[in-house]
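Peer 1: Here are the chains, one letter per residue:
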Amino acid sequence: MMKLKRTLTSVGKYGSLLLGAFVAIIPIVAVFFASFKTGTEYTTTGPLTPPSDWTNFDNYMRAFVDGNMLTGFKNTVIILIISVIGTTIIGSMVAFVLHRFKFKGSQYILGAFLLATLIPAVTTQVATFQIVHTLGLFNTIWAAVILYLGTDIIAVYIFLQFMDSISVSLDESAMLDGASYFTIYRKIILPLLKPAVVTVFIIKGVNIYNDFYTPFLYMPKSSLQVISTALFKFQGPFGAQWEVITAGVMIAIIPTLIAFIFLQKYIYNGLTSGSVK
Amino acid sequence: MFGLSRLSYETQKKIIIVSFLVVPLGLLALFAYLPVLNMIWYSFTDWNGYSAKEFLGFENYKTIFTDPEYFRVFKVSLYYFFATFIQLAIALYFATILSFKVKFKNFFKGVLFFPYLLNGVAIGFMFLFFFRPDGTLDTVLTAIGLEGLITQWLGNPNVINYSLAGVSVWRYMGFNFIIFLGAISSISGEIYEAAEMDGANRWQQFRYIIFPSIRIIISLNLILAISGALSAFEIPYIMTGGANGSATFVIQTVNTAFKYGKIGLGSAMAVLLLIIVVIVSSIQKKFFGEGE
Numbered sequence: 223m224m225k226l227k228r229t230l231t232s233v234g235k236y237g238s239l240l241l242g243a244f245v246a247i248i249p250i251v252a253v254f255f256a257s258f259k260t261g262t263e264y265t266t267t268g269p270l271t272p273p274s275d276w277t278n279f280d281n282y283m284r285a286f287v288d289g290n291m292l293t294g295f296k297n298t299v300i301i302l303i304i305s306v307i308g309t310t311i312i313g314s315m316v317a318f319v320l321h322r323f324k325f326k327g328s329q330y331i332l333g334a335f336l337l338a339t340l341i342p343a344v345t346t347q348v349a350t351f352q353i354v355h356t357l358g359l360f361n362t363i364w365a366a367v368i369l370y371l372g373t374d375i376i377a378v379y380i381f382l383q384f385m386d387s388i389s390v391s392l393d394e395s396a397m398l399d400g401a402s403y404f405t406i407y408r409k410i411i412l413p414l415l416k417p418a419v420v421t422v423f424i425i426k427g428v429n430i431y432n433d434f435y436t437p438f439l440y441m442p443k444s445s446l447q448v449i450s451t452a453l454f455k456f457q458g459p460f461g462a463q464w465e466v467i468t469a470g471v472m473i474a475i476i477p478t479l480i481a482f483i484f485l486q487k488y489i490y491n492g493l494t495s496g497s498v499k
Numbered sequence: 070m071f072g073l074s075r076l077s078y079e080t081q082k083k084i085i086i087v088s089f090l091v092v093p094l095g096l097l098a099l100f101a102y103l104p105v106l107n108m109i110w111y112s113f114t115d116w117n118g119y120s121a122k123e124f125l126g127f128e129n130y131k132t133i134f135t136d137p138e139y140f141r142v143f144k145v146s147l148y149y150f151f152a153t154f155i156q157l158a159i160a161l162y163f164a165t166i167l168s169f170k171v172k173f174k175n176f177f178k179g180v181l182f183f184p185y186l187l188n189g190v191a192i193g194f195m196f197l198f199f200f201r202p203d204g205t206l207d208t209v210l211t212a213i214g215l216e217g218l219i220t221q222w223l224g225n226p227n228v229i230n231y232s233l234a235g236v237s238v239w240r241y242m243g244f245n246f247i248i249f250l251g252a253i254s255s256i257s258g259e260i261y262e263a264a265e266m267d268g269a270n271r272w273q274q275f276r277y278i279i280f281p282s283i284r285i286i287i288s289l290n291l292i293l294a295i296s297g298a299l300s301a302f303e304i305p306y307i308m309t310g311g312a313n314g315s316a317t318f319v320i321q322t323v324n325t326a327f328k329y330g331k332i333g334l335g336s337a338m339a340v341l342l343l344i345i346v347v348i349v350s351s352i353q354k355k356f357f358g359e360g361e
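For the record, the sequence lines run as chains A and B.
Residue numbering for the first sequence follows the working numbering, starting at 223 and increasing by one per position.
Residue numbering for the second sequence follows the working numbering, starting at 70 and increasing by one per position.
Heads up, some of the hints might be wrong.
Straight-line alpha carbon distances no greater than 25 Å define the calculated SDA-like cross-link-like pairs of lysine to any residue that follow [stated by the list, open to error]: (1) B/K122 / B/L343; (2) A/K416 / A/P477; (3) B/K170 / A/V233; (4) B/K172 / A/A243; (5) B/K172 / B/R271; (6) A/K225 / B/I166; (7) A/K296 / B/K122; (8) B/K122 / B/W110.
Partial pick of chain A residues on the chain B-facing surface, computed with a CB cut under 8 Å [to be verified]: (9) L340; (10) G427; (11) Y431.
A few chain A residues that don't get close to chain B, going by computed Cβ distances all over 12 Å [what the hints assert, rightly or not]: (12) K225; (13) T229; (14) F244; (15) D288; (16) L292; (17) V299; (18) I363; (19) S387; (20) S395; (21) F423; (22) S450.
These are calculated hints, taken from the structure and not from any lab test.
Ideal Cβ positions, reconstructed from N, Cα and C, are used throughout, including at glycine.
Chain A with its partners taken away, still in its complex shape (with noise of 0.2 Å):
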């Protein structure tokens, strides 16, 4: 009786774990298979059919040149790079400043970087969308950047959580030897925040690789796209070619896969310390 009911228990775990991973993964194969297939294959075979020639990187090589995704990862990666050192830059000296110094008001400024995580960004975007306009960034791919550095509060956060594991007394001693608070920051706590820098490219490099509607409403000239913008274009040229727009999608999907795969471990520890507290 005991056994028998041991093993039910197991067939529900293992059943249900694989119905989830099974659910959780479907869409991708269903796609990936098609990216693969010649238009009449996709056509004749259904969706979970395997593609008869998995060498055909036709669909491929027309998703990535006519659809200008190569213009999508040129873009990307650089507003990614100026974003997430920025970010790194901004958050940390906002950090060592709260955590370091007391002073009057530095309560006031904590507060307004939390009270601002209560706005959800995409509510302001009307307003957000002037302020662009009137800096005259709209079309231009500091609009990127520049909002993805100013909102950036988790940023903040993390760093602030991990000064609490430095010691001050380690200021004290770069104190005694004279060093400014500068070189403090530069030399000791910049180097010491390694694993929250880790943290915080991961959480801000996947955000900007899968935002959509910051480059979409602020910088739609063809030559800013970006690789979420250059995808949403495929609806209309490859209007019904879905062996086409399968390729594209798993071309933006690919770079996420790599860095999940070598970052796995990070990307677990990053988002439940970033996230949680």
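With chain A's structure known, arrange chain B on it following the hints.
Peer 2: Structure of chain B alone, referenced to chain A:
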């Protein structure tokens, strides 16, 4: 650098405070607070983006509450709202199972979490493909003998919001899952051992150990999910553009403001959404107190 070290620490401190904060605070004011203030101001005008603004009072708000075209979209949020509960339940279930001994643990963790990392537009296309007539879903249903259920997943106005809310569960479940997993793993293993010695089964362990320990995280996730349901935008916009009765509040806002040039009205909608989100967040603070 800059001869800073020659100054006294008191002076240095002042310089550092000012110079380190001026840019971040400037950005915060410019892109977080100024938009909110402007938005409130626009919401009382009939501004279209370029002509002079005329003060309207509460006219825009009245339109939203009385014109069914604007009010209806709140109903669409309900689909996403209920989907959220399913999403949290699934996430909690898998997080609990995978906190105990399971074969291929890392594989399952990875597969369940991965969708969260994917590009929204890629997900949109993937599910357009998934829901197509004779597409992936229809094929799977036919294979398991449920072809009777097949319908126009995105063409049938009675079904479309279930389909889209389902995509959003697929996309965000992994995020809740990983947060729950982290929270559960912070519970000390000794507690389980003690419970097991007392003869507690898995359900009792969940009910009396895991659930109370992660109550705050659950409530936090719930709040994030509620405001997420209200601000659902990307998936329905990319997949249907809001057609067939799938327009959410944010799609309506964006269309009103940018497509039809009614910035005043769009702002009033955004202000309403903001108010709701703030109320929901403060209820959460009240109920669950020391969230930090």
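Peer 1: Could you tell me which of the numbered hints above are not met by this structure, giving the numbers in increasing order?
Peer 2: Hints 7, 10, 14 and 22 not satisfied by this model.
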